[in-house]
Structures are given as structure tokens and as C-alpha cells.
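Colleague: Make a model of the complete structure from these sequences and hints.
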Amino acid sequence: MADTASAIKAARRFDAAAIRGQFPILGTRCHGKPLTFLDSAASAQKPQVVIDAVAETYEGQYANIHRGVYDLSERTSAAFEAVRGKARGLINAAHDDEIIFTSGTTESINLVAQSWGRANLGPGDEVLITEMEHHSNIVPWQLLRDQTGFTLKVAPFDDHGVLIMETFEKSLSERTKLVCVTQLSNALGTILPVREITTMAHAAGALVLVDGAQGIPHLATDVRALDCDFYAFSGHKLYGPSGIGVLYGKADLLAHMPPWKGGGDMIASVTFEKTEFAAPPHRFEAGTPNIAGTIGMGAAIDWFQGLDLDGLAAHEDDLLAYGTACLSEVPGLRIIGTAPDKAAVISFVLDTAHPHDIGTVLDSQGVAVRAGHHCAQPVMDHFDVAATVRASFGAYSSRDDIDTLVSALDQVRELFG
Amino acid sequence: MSELRDLYQEVILDHSRSPRNFGHHQPSNRQAKGNNPLCGDKFTVYVLVEDGIVKDLSFEGRGCAISTASASLMTELLKGRTEDDAQAMFERFHAVVTGEKGEELDDGLDKLNVLAGVRGYPMRVKCATLAWHTLKAALKQTDETVVTE
Chain A
1 MADTASAIKA
11 ARRFDAAAIR
21 GQFPILGTRC
31 HGKPLTFLDS
41 AASAQKPQVV
51 IDAVAETYEG
61 QYANIHRGVY
71 DLSERTSAAF
81 EAVRGKARGL
91 INAAHDDEII
101 FTSGTTESIN
111 LVAQSWGRAN
121 LGPGDEVLIT
131 EMEHHSNIVP
141 WQLLRDQTGF
151 TLKVAPFDDH
161 GVLIMETFEK
171 SLSERTKLVC
181 VTQLSNALGT
191 ILPVREITTM
201 AHAAGALVLV
211 DGAQGIPHLA
221 TDVRALDCDF
231 YAFSGHKLYG
241 PSGIGVLYGK
251 ADLLAHMPPW
261 KGGGDMIASV
271 TFEKTEFAAP
281 PHRFEAGTPN
291 IAGTIGMGAA
301 IDWFQGLDLD
311 GLAAHEDDLL
321 AYGTACLSEV
331 PGLRIIGTAP
341 DKAAVISFVL
351 DTAHPHDIGT
361 VLDSQGVAVR
371 AGHHCAQPVM
381 DHFDVAATVR
391 ASFGAYSSRD
401 DIDTLVSALD
411 QVRELFG
Chain B
418 MSELRDLYQE
428 VILDHSRSPR
438 NFGHHQPSNR
448 QAKGNNPLCG
458 DKFTVYVLVE
468 DGIVKDLSFE
478 GRGCAISTAS
488 ASLMTELLKG
498 RTEDDAQAMF
508 ERFHAVVTGE
518 KGEELDDGLD
528 KLNVLAGVRG
538 YPMRVKCATL
548 AWHTLKAALK
558 QTDETVVTE
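For the record, the sequence lines run as chains A and B.
Note that our numbering gives residue 26 to position 26 of the first sequence, counting from 1, and the numbers run on in steps of one.
Residues are numbered in our numbering as their position in the second sequence, beginning at 1, plus a constant of 417.
Careful, some of the hints might be misleading.
[Unchecked claim] Simulated crosslink set (DSSO-like; lysine-lysine; CA at most 30 Å straight-line):
1. K153/A with K459/B
2. K450/B with K153/A
3. K33/A with K543/B
FYI, nobody ran anything at the bench for these hints, they're computed from the structure.
Modeller: Dropping the structure here:
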């Protein structure tokens with residue numbers, strides 16, 4: 001753990017090169033070229049302290065949790081439960097019990113749909129989402145709509161990728177029971193005015209769920225300041241392991257929500273006649289969870305919070321500005337998503353080559369980008385493109401990565417004209 | 418760059434820039450839509466089958482260079498062949514792009530060997546086979562209504 005402390009101390013002064021050095025994978029090669037990783041929005045790479053936390057769990061502190069009376073299980077349980085406090089601190093929730101562990105953002109949203117939604121939504125009710133949602137904030141609502149008969153409405157964005165607030169506000173009514181919005185668009189990079197959205201939604205009597213999958217690694221997040229009712233995020237986009245995430249819910253809402261999965265660890269007592277359910281958060285955590293992954297996410301939260309977050313924000317703003325300027329000079333390149341309030345994600349298309357072909361050529365140069373619809377097909381439809389190339393940045397990204405990307409794009413132009 | 422040149426041979430670049438039999442301009446009596454959910458590529462393949470012969474074949478939609486070139490080459494090479502022949506070609510083409518048995522095509526289909534480069538790119542095999550899967554679905558249809566819009 002001394003290593004963790006020194007790593008945190010080193011990272012406190014924001015030094016992108018030093019931070020990069022903490023990520024072993026960034027020293028590897030791809031097709032014989034140094035890896036240039038520009039796909040952090042899909043999943044961030046992991047610093048050594050996170051890798052070590054997972055390994056150390058299996059090496060020295062692993063047993064099933066909440067069960068054993070033996071020391072090893074108790075220590076594992078304590079390490080696991082301590083992560084609730086870390087996640088609470090990260091998003092400034094009021095209570096540890098408002099933090100439910102899930103497999104990730106997708107499961108967090110499905111939990112709200114199948115627990116709160118199934119109990120509270122029916123014919124005549126409306127759920128309002130935005131046109132720029134990830135499929136994981138669209139499909140769970142469609143599935144539930146088909147089961148319970150509410151109406152799903154969509155608030156559009158403009159050609160810069162900015163949510164049209166006038167239309168959004170007009171879409172709210174006394175029928176609106178829930179508003180589901182992303183904090184930061186994964187395909188466009190747009191930052192949404194969540195505080196303004198919660199104020200409008202609450203005035204209409206609706207609850208608000210925020211998809212924080214992209215927001216959490218880039219934006220300082222305070223769920224009480226945002227006043228959102230639910231907030232979902234994933235560990236793996238915050239430099240932690242995959243397969244672990246969080247649903248935050250306000251305590252008074254969680255208290256009245258029914259379980260959505262049955263199993264061990266979510267009960268108070270079970271007989272064949274009746275089961276008494278545990279209180280939140282355990283009511284929503286059936287079965288043995290991702291124990292090592294949760295502890296790894298705790299390490300990632302510690303690592304992230306140890307960064308100079310103002311420095312990180314300035315660093316990412318610089319990468320966005322530099323990346324936008326450099327890419328704008330590439331002939332035939334069009335940036336998709338030009339919101340004034342934008343995070344370190346740049347989606348683009350080229351007039352001569354399809355994103356898939358661009359992705360393959362860039363890969364041959366060791367440059368890893370996402371090429372596709374980014375699980376946001378309605379966004380692609382809006383801009384009438386089948387797909388885009390997306391370069392996304394993290395704490396370890398550098399201007400050099402962008403230079404490498406731009407020169408690799410020369411190869412695309414050489415091949416495709 | 419040389420590995421990329423193997424993948425993106427001139428024939429592929431040519432067919433992706435100027436796809437043959439592109440657009441639904443001729444009568445057809447079978448059609449199917451195909452899409453690759455991974456990347457959002459979408460094609461519709463239109464076929465005119467008469468007396469068991471693929472009399473005409475065209476496609477429209479959008480996709481990457483590999484999927485577009487493969488669709489274009491397919492429409493050129495299968496026109497005039499029997500339905501059974503077209504089905505058999507699908508199997509042989511599939512074997513070429515997945516690299517099974519290192520198979521190479523002959524009897525007039527050797528042009529398709531330019532797509533063998535996708536063997537080295539497992540994620541791209543689906544691009545190369547998208548139009549072919551769509552054609553297979555179209556040929557399975559029994560609806561004989563001529564669609565000419």
C-alpha cells in the first residue's frame with residue numbers, strides 16, 4: 001500500500017508523462033509500433049495500483065463476503081464494503097447505503113427500469129430521453145415500455161450536438177414520470193446541462209436518471225448539487241476493472257423500490273411462504289458480486305481522486321483544443337459533434353474513406369480508435385452517417401498521441417485518395 | 418503500408434469507389450436487407466431469378482471499402498449463374514475469406530481472391546461477407562413479386 005501512497009503523491013502535481021508511466025499497457029507495441037491508445041471512452045486503461053489491488057486481493061485477501069465468520073472473509077467483506085464509502089465520496093452522495101454495486105452502467109440503468117420503472121410506470125405515463133443517448137439508456141426503456149405500456153419520448157439535439165432545451169422543456173408535462181439523460185455524450189462529446197435538466201424535470205414532477213458512464217472520468221460530479229435521483233457509472237471507464245459499476249439512488253427512493261433479482265445476499269429471511277428482503281443497498285445485490293473488481297474500483301477511485309483534478313481538466317481541455325485544431329486541418333475531415341460545451345472526445349468522418357477502413361489503417365500504425373456507431377445509432381442517423389471514427393482521451397493521453405493520429409491519417413489519404 | 422496494400426488492392430479500391438450494379442434500376446423478384454450491427458453498414462440486394470438463373474443482380478446501401486467492393490464484385494460475377502451455383506459460390510467465397518484450407522477461387526471467380534487479404538483481419542471478415550449473406554437470404558425467398566421501385 002506504500003506504493004499506492006507514493007503513486008498518489010506523484011500524481012498530485014498533474015504530470016501527464018508521469019501518469020502515463022503508471023500504465024504498463026501504454027509501453028507495449030501494436031503491429032510493431034508503439035501503442036497510441038485513443039479509445040478511453042470505450043474503456044480506460046488501468047494504472048499499476050489498480051492492477052496490483054486486484055492481484056493482491058486474490059493473493060492475500062480473498063474469500064466470499066458477508067458470509068464467513070472467519071477472519072479472511074471478514075477482512076474481504078470490510079475491503080469490499082469500504083469501496084461503498086469511496087464511491088459515495090467520489091460523487092458526494094449523502095449515505096453509503098445509496099451506493100448499489102452493479103456490473104456497470106448498463107446494469108444500473110436496467111435496475112432502475114426493472115425495479116422502480118416496473119413498479120411506477122404504466123399506460124399514460126411518459127419517460128423522456130434524449131436523441132444522443134447510448135443504446136444502454138434507450139433499450140432498457142423500450143423493453144420496459146413494451147411490458148408496461150408507457151410512452152417513450154425523445155428530446156432532439158441540434159446540428160452541433162447540443163440538446164435543444166426549449167424542445168426539451170416543452171416535452172415535459174405532468175405525464176412525465178422519469179427523465180433519462182447522459183451527462184456526456186459518448187459519440188459527440190457534448191456535456192449536458194444536467195443541473196438545469198433536473199430543475200426542469202423536478203418542476204414537472206419527474207425523477208431524473210443520469211447516465212454518468214462518460215461523465216465520471218471527465219467531470220467533477222456531485223449528485224447532491226446536480227440533484228439527480230439516480231446516477232449510474234462504470235468502474236472500467238474510470239481506470240478501474242470491467243464488470244463493476246455503481247447505481248446511486250436517493251435513499252428515500254431506494255427504500256420503496258422492490259428487488260429486481262432474487263438470490264442470496266439480498267434477503268433478511270427466507271421461508272417457502274415468504275421472503276423478507278434486505279434493506280438497500282443489499283436488496284439490489286443478489287448473488288456473489290465481483291469482489292476483486294469492486295476492490296479494484298476502490299483503488300481506481302483512490303487513484304483518480306489523488307490526481308490534481310483541476311490539472312486533469314485543464315490537460316483534457318488542452319487535448320480537445322489541440323486535437324480539434326490539428327484534425328480540422330486534415331483535408332476532407334469533418335468533425336461530428338461541435339458543441340461549445342464539450343469533453344475530450346472527437347468524432348469525425350473523412351470524405352474519401354469509411355470509418356471502418358480508417359480504423360484498420362490507423363491500427364496498422366499502432367493507433368487504437370473506435371470506428372463504428374458507438375452504440376448510438378440515432379446519433380449517426382441524425383448526421384446521416386453510418387459510422388464515425390472516434391478519438392477519445394484520458395489522463396495519460398498526450399499531444400504526441402494526436403500528432404501520431406494525424407500522421408497516421410496521412411496514410412489513409414495516401415491509400416484512399 | 419505493404420500489408421495494407423495487400424488488404425486494399427487496387428481492384429478493391431476501384432470497386433469501392435465505383436461500385437458496379439449499384440442502385441435498384443432493373444426489375445427484380447427477390448430482395449433482402451443485410452446489416453452489420455457492429456459498424457452500421459447496411460446493404461439491400463436485389464435479384465431477378467428466372468428459371469433458376471440469376472438473371473440480374475444489384476445492390477444499394479453504404480458500407481466500408483471491403484464490404485462495398487465485395488458486394489460489387491459479387492454482383493458482377495454471379496450474374497447469369499444458376500441459383501445453386503450462386504449458393505455454392507457463397508460457400509467457396511466464405512472459405513476464401515476465412516482462410517479455411519487456404520482455398521483459392523478459379524473458374525472465372527479468381528477476381529474474388531483479392532478479398533483473401535481479410536483473412537488477417539478477423540473483424541473485417543464480416544465486412545467481406547455482408548453482401549453475400551444478404552444475397553443468400555434473398556435467394557431463399559419464395560415471393561416472386563417483381564419489385565421495381
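Colleague: Could you run down the list of hints and mark each one as holding or not?
Modeller: Do the hints match the structure? See the list:
1. Distance check on the hinted pair: K153/A and K459/B sit about 26 Å apart at the alpha-carbon level, within 30 Å; holds.
2. For the proposed pair K450/B and K153/A, the alpha carbon gap of about 28 Å is at most 30 Å, so the pair holds.
3. Using a Cα cut-off of 30 Å, the hinted pair K33/A and K543/B holds, with the two alpha carbons roughly 26 Å apart.
Violated hints are absent here; each numbered hint is respected by the structure.
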